Each structure stands twice: as C-alpha cells, then as structure tokens.
Amino acid sequence: MEVTNVTEYQAIAKEKLPKMVYDYYASGAEDQWTLEENRNAFSRILFRPRILIDVSKIDMTTTILGFKISMPIMLAPTAMQKMAHPEGEYATARAASSAGTIMTLSSWATSSVEEVASTGPGIRFFQLYVYKDRNVVAQLVRRAERAGFKAIALTVDTPRLGRREADIKNRFTLPPFLTLKNFEGLDLGKMDEANDSGLASYVAGQIDRTLSWKDVKWLQTITTMPILVKGVITAEDTRLAIQAGAAGIIVSNHGARQLDYVPATIMALEEVVKAAQGRVPVFLDGGVRRGTDVFKALALGASGIFIGRPVVFSLAAEGEAGVRKVLQMLRDEFELTMALSGCTSLSEITRDHIVTEWDAPRARPGPRL
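Using full-length UniProt numbering, you'd call the opening residue of the sequence shown number 1 and step up by one each time.
If you're looking for bench data, these hints aren't it; they were derived computationally from the structure. Here the structure is a predicted model, which means the values were calculated and not measured. Careful: at least some of the hints might be erroneous.
[Stated by the list, open to error] In silico EDC-like links for lysine to aspartate or glutamate, alpha-carbon gap of 16 Å or less:
(1) LYS214 to ASP237
(2) LYS169 to ASP332
(3) LYS132 to ASP187
Based on the sequences and whatever the hints tell you, model everything.
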C-alpha cells in the first residue's frame, strides 16, 4: 500500500522498530498532554482562502539566515538516528540536500559532524547543549564550524531531561553497537570512564543546570556562526533572547518531551512573533504533519518550520527514500494549500488567510430594524 501522508510512517515505524526504540522516539513527558496538543491545536485554525487569483506559478523558496532554500520546511535535530536505520544521519543528510533544505544535526547524533559533512554539499545547522565543561562545548562548536556547519541551534529548554515514563519503563539505553559520535575523540575529562551505553546517560548528566543568558553571550565569543535559540515559548524570553544576541528563535517545546502542559507550539507562536517585532526570524517545531500545518504556521508569522519525528519514523520505514518522500509530500501539500488559498509566494501568506478559535469574531452588520 502506497504511503500517502506523513502520519502513516509512524505506524510502519512502530511495527519495524524494537519497542524501546520506538517509544524513545514517539513518547512525550509524563501525561503526554502536550504531545497530543501539539497536533490537535492545528485543527483549531481554519482557512480563509482567497479565490480567482492566478496560481499557475508558485514560488516556495525562502532565505534563512542568508541561505536560500527550496521551501520553508526544514529538519529538526533528532538524536541517535542509527537506532532507526543503519544509515541514520547519513541518509537524513542526503535526503535534506536533495530536497534543497536545511538539516539540523543533533549533538547526540550517532554520526559525527565530519561524517555528515562527508555526504556532500548542503546547508546544515548544529544543535548544541551546553555542558558543565565549557571546554567540551568549545570543541564541539569548533568541529561543527570546521565541518562547514552554518549555524548553532542552542537548546535552552533542557536544564534537566524531562520525565519520559516510557523510557523509564523500558530502561532505555543506547544499543551497544552505537555511540554518540560527536563525543568521540573529544577531551572529555571524566567522560572517558563511561562505556558507550553509559555515555548517553553520562552526557545527559553533564548538561549544565546553571545555563543562563550570559552563556548565550559567551557562545558568541567562541563562534562566528549565528545562534538560534531553540525552546522559547513566551514573549518575555523572546525579548531576552534578542537582547542576548540571538539571530533567530525556534518556538519549541522539545517535541513535548520536557515540561508537560505547556501550550502547543502553534498556540505559543503568535505571542513570540509579536514580541520579536520582526527583529529576528521566528521558526516553529512540534506537531507539523501536513502542508496545511506549514501554511498555518507561516500565516501566524513563522519564517519556517522544522520537522522531527516524521524524519525518524520515515527513516525507520524506508531509509533515505522515506525521508525524501516525507519532504516531498509536505512540499506538495504545502504548494497545494498555497494555491487553494490564493498565494503564489511566501510573502503573500498573511494572518488574514486564517481564522483561529481565539480570534475576536469579525464585526457583523447589526440586525435590520
């Protein structure tokens, strides 16, 4: 049976993957309320399509931090992709390049920045956690820079790992034949004592709980790469991120894997966009499964979106071909949504193309007397 939408890959991945691995990718924190809400909230936004507009030519291209890409659909960082498929991040990198879009490599990848760079040309960002040992951070950043990565996506919503009960039940560990490649060959100090399956938990334990805005400023002193702050969901933090020198903001709740009962990212987006006042681009991740979702995010002011789970599920199902297909399906759906809404370029997508449940009712003429 032909896969006709992004969501279908999740069921295929569930059949193919060991339970421990599938649950690691699929689950969220605690009650998983936010996990459901990330998806469901999109259904509370409806279209106000404009008709009788020439949509014979549609341009989906956009520029992100100065880099031209084919569409506003990019790949979010997802950890340990070789658990999904033997080619892991290699396959994902090739799929992103062939689609003409950006891949963000997780620092907890099972392939290194150098290995991913070796797959060929492509615009790539590097996701970073800040560790207690700043020397480790500096080494990771230097390696990413040398490997030709173009930006840092600094994850800021994880001073501690969220409570993902499926992982606790399954006693999740990185399978013995895999390793967190970006930490190999680093001067890790005490980290060397941990074996590979222990490395994942050790690395998680090394995330710095004292991380604050001053560290965002520090990061700018060790790299020329622009820094995207990933994990902002409030106006207050948007303003602080911009003050701290962020080049962009990713509205993210970490795929609902950190704090449960935070709003869906699509619900938090407009608050962040308004606070940013156009000073930096704002992006969204979390819950995007359809081209209609992409359009809704752009109508609410996002400059682009990132997909995470659809990448690992399609990778598990069909390897590189699966990831290519997910990107193609989202592209096709988004193009169709633009056409049916009367938009021929991203700049034509406006807030007036959607109506949300929280909008004030439009003024209606009073009853005739």
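Hint check:
no. : hint             : result
1   : LYS214 to ASP237 : holds, 13 Å
2   : LYS169 to ASP332 : violated, 39 Å
3   : LYS132 to ASP187 : holds, 13 Å
The structure is inconsistent with hint 2 alone, although it conforms to all the rest.
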